[in-house]
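Enquirer: In this note's numbering, the protein residues as written are 1 to 334.
It should be emphasised that the hints constitute simulated quantities derived from the structure, not laboratory data.
Just so you know, not all the hints are guaranteed correct.
Pairwise CB distance ranges (calculated) [as the list claims (entries may be wrong)]:
1) W76 / Q174: 54 to 62 Å
2) N83 / V177: 18 to 26 Å
3) L218 / Q265: 24 to 32 Å
4) W76 / A203: 27 to 35 Å
5) L78 / W122: 22 to 30 Å
6) G158 / T185: 52 to 60 Å
7) I187 / G243: 29 to 37 Å
8) G243 / L197: 56 to 64 Å
9) G158 / D240: 54 to 62 Å
10) P146 / S230: 48 to 56 Å
Think of the CB as a built atom: it goes at the ideal place given N, C-alpha and C, for glycine as much as any other residue.
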Amino acid sequence: MNLLRCPLGVGASLGEIIAGASRPDFPDAIELAKLKIASAQTSLACREVRELSDRRPPDDPREKPISAEALAENEWRLHLTINTIPAMAWSTTPDGLLDFCNQNFVDYVGWTAEEIGGQGFWPIFHPDDVDYLLAAWQEIMATKRPRPVECRMRRADGECRWFVLRQNPLLDAQGNVIKWYGVGTDIEDRKRAEAALETAQAALRASEQNLDLIINSLPVLVWSARPDGSADFINRSWRDYAGEPADKILEWGFLDLYHPDDVPQMMETWTRDITHSRLASSRRGVESRRRPAGCWRWRRSAPTAPRLGRGPGRDTRPPRPRPTSVPATQPGRA
């Protein structure tokens, strides 16, 4: 067998490539050229690998030792930030024991951090909120799903103010809670505004009920209309007089109650009034289906501002028998 040795590197410092064949003419010119090229490329690759392995990685600034002075300054800045934020910051152990509270927390309750540590913080909450707050806190810890909780907290001077408590868990790689962090924000002003709004709304509802009672007790026909002239309200006297339910009178249903001879003139006047924002009084006939005699009565309607179309109707003439020759046809709409 004929063998050929090709050194790798200077003086075969990186080793050799050995090739062999049983042919007597091995290696021919082409095979010799290929082996030399392979040897050169292998030598270059080995040299680059050695250079890379010998190269030192850049220094990681995180691996530089921190001096005690720098560490103390960073800790001081962190505590300064936590104690300066305009909120009550705190943290607990995974099972809910208070292990830290910032200066705002201490100043508000007027107790030391040691006094409210562990489970000692519960007396600072309003007695009526403790059961609800305890149940909410246990649910949050069990589900690991934070949510805002509103409660009242007792201030150092004894006043209880509303706060919203928000919390977030710090989890490890397996999803276990390492610590709970939270903040409490004063919402007393918002609560007072909500209470004032609720009181005002209750007063408004009571006022509306009183107004409805008054309007429905008036011995006149009271109604209101939209800007297009269609009726959107009638009082009880209106319904009793017409003998029809409200849904048959509202919108344009009231036209069915007017005498057919009066509808064209009435609609002309009404359309002119609402088109030109003028309030006029006119004499109109209204059919009362509750009248035993089936008679017509003359009524005067007086719309008043500011809501165009609200006004009373009142009898102005004695009743007249309904002409039997006039059919009860549906009058035209304008």
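Enquirer: Could you work out which of the previously given hints the structure breaks and list their numbers from low to high?
Expert: Of the numbered hints given earlier, those the structure breaks are 1, 4, 6, 7, 8, listed in rising order.
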